[in-house]
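Colleague: Spelled out from the first residue to the last, the chains are:
Protein chains: 2
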Amino acid sequence: MRFIRSVSEMQKISSALRRQGKTIGFVPTMGALHEGHLSLIKQARKDNQITVVSIFVNPIQFGPNEDFKRYPRPIKKDISFCKKEKVDFIFYPQVGKMYPEGFKTMVEVGEMGNVLCGLTRPGHFRGVATVVFKLFNIVQPDIAYFGQKDAQQTVIIKRMVVDLNLGVKIKVMPIMREKSGLALSSRNSYLSAQERSDALVLSGSLDLARNLIRKGQRSCRKIIGQMKSLINANPSVRIDYVDIVDLDTLKPLEKIRGKCLIALAARIGKTRLIDNIIVQRRKVGDSPYFFV
Amino acid sequence: MRFIRSVSEMQKISSALRRQGKTIGFVPTMGALHEGHLSLIKQARKDNQITVVSIFVNPIQFGPNEDFKRYPRPIKKDISFCKKEKVDFIFYPQVGKMYPEGFKTMVEVGEMGNVLCGLTRPGHFRGVATVVFKLFNIVQPDIAYFGQKDAQQTVIIKRMVVDLNLGVKIKVMPIMREKSGLALSSRNSYLSAQERSDALVLSGSLDLARNLIRKGQRSCRKIIGQMKSLINANPSVRIDYVDIVDLDTLKPLEKIRGKCLIALAARIGKTRLIDNIIVQRRKVGDSPYFFV
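Which chain is which? The protein sequence lines are A and B, in order.
Following our numbering, the numbering of the first sequence begins with 1 at its first residue and continues without gaps.
Following our numbering, the numbering of the second sequence begins with 1 at its first residue and continues without gaps.
One or more hints might be untrue.
To be verified - So the derived list for chain B, only partly shown, Cβ under 8 Å to chain A, looks like this: (1) E101; (2) F103; (3) M106; (4) N137; (5) I138; (6) A193; (7) L200.
Everything labelled a hint here was simulated from the structure, so no lab data went into it.
Using N, Cα and C, we set each Cβ at its ideal position, and we do this for glycine too.
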């Protein structure tokens, strides 16, 4: 495994690999790697000849009062993690090299960046799109891997790839959860034992939504209402949003139809957590089509 | 010479050429080709194994009251022009294929897009950066060629290439002028004989500025003042702006120093024309350093 800090060196290596006809799988991360990242790395290794993992806590996607400074950076642990998984390259650039003096150009994602998490994190998805885009140009992957946990991010990046004619394929891997149901997140390390227990109401509310839909409920307003009631029953959890939107456009839905993204964000103490599920009509066994 | 309309076909051809180790020179144009474009094409042919010219009147860089509809589109003439110059590929995409339904992602260029031409053309440089960027991803050039006439565009695109880690080199070729001094432009075709004569005051004012600087004038305010007086002496020419800015940052200068861009835009009848010169200290022969 090689550990690359220099932007230009990474770009040269990737160009050389591509000239040799090697396929490159890319897992962009902010480090603090967990089993969620692992599933991306394993898939990248399976699909490609070369696997590159980037570790970069991207300042331009954090708001002024967000957790950029305290975001976990266990770089030694992350390196061992990648080594064990036979990652070929870790790309670990410095902030000043990614955003040198005079940096100005941003990738704007339009209204899809202003809904859901964008409501309380203005500029977040512009920061995400810009860094992912820069990383794509540096690493030059054939396929890039993202987790479904950051659902809005995956939708926006897929849109960006189409809109800007990027020649990279996007693969989205399912959310990994603890047995309790809690979605894996680098930010879970912020949680106290009590908060960790409080947080279970989030995945619980998504289970509730799925069950309501399976029982025939189609009104998004009613489903969201019941989810909010469940979450609000725990006074230490403050909802940022609970929403049901079209998976491709992120536009709010009135009725459950097509592919729906049910997404939420909430604060528990100082920690902001997100979670989501996708529901869509699928034929299960011999039974008629179900939303699952 | 091959004539390509399909975005995906062009992208495939370029990928294949790059895999073969061929160097690609790219001249992005809006068509209505003239001697200015010719100098770009000639340079591209000289520097690269393959030359691609794109012809695309890009709707998203035109404002609602601008000349998108009436912009000249002499495609047959342009094809002969390229054939004669031994261009390898003309890429001539359709608007609906470049901006399919649901298109949202834009490349934002920051404050550099809000000065000079950006003052009266809000969103223009976002549109330019976005299309150039898309074309780069489709054509995948080693070197792309732009004319100094669109000075602000060249500065913004150079900035974008650095900021977004694009692996393309930008070459800027000098402005081509008629003997009269009028800068070549596809929009000159809009001018009547009288307007064409009126337009000469624009390059005239730039000559004036250069002469003032050669004589030792260093105050930008005074130079701009004299240029405006000269232009305003012709009542059929309406100034959009006359400005002197730093060539790298486009920030206004008080004193002539470093590399200065002296740029202007003006309306003559319904036609908006731009022109500029760069002045910088250079040693000329045995004489001391001059601004030229």
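Colleague: Does each hint fit the structure? Answer for all of them.
Modeller: Status of the hints after comparison with the structure:
no.	hint	in the structure
1	E101	11 Å, violated
2	F103	5 Å, holds
3	M106	4 Å, holds
4	N137	4 Å, holds
5	I138	5 Å, holds
6	A193	42 Å, violated
7	L200	36 Å, violated
In terms of the numbered hints stated before, the structure departs from hints 1, 6 and 7, listed from lowest to highest.
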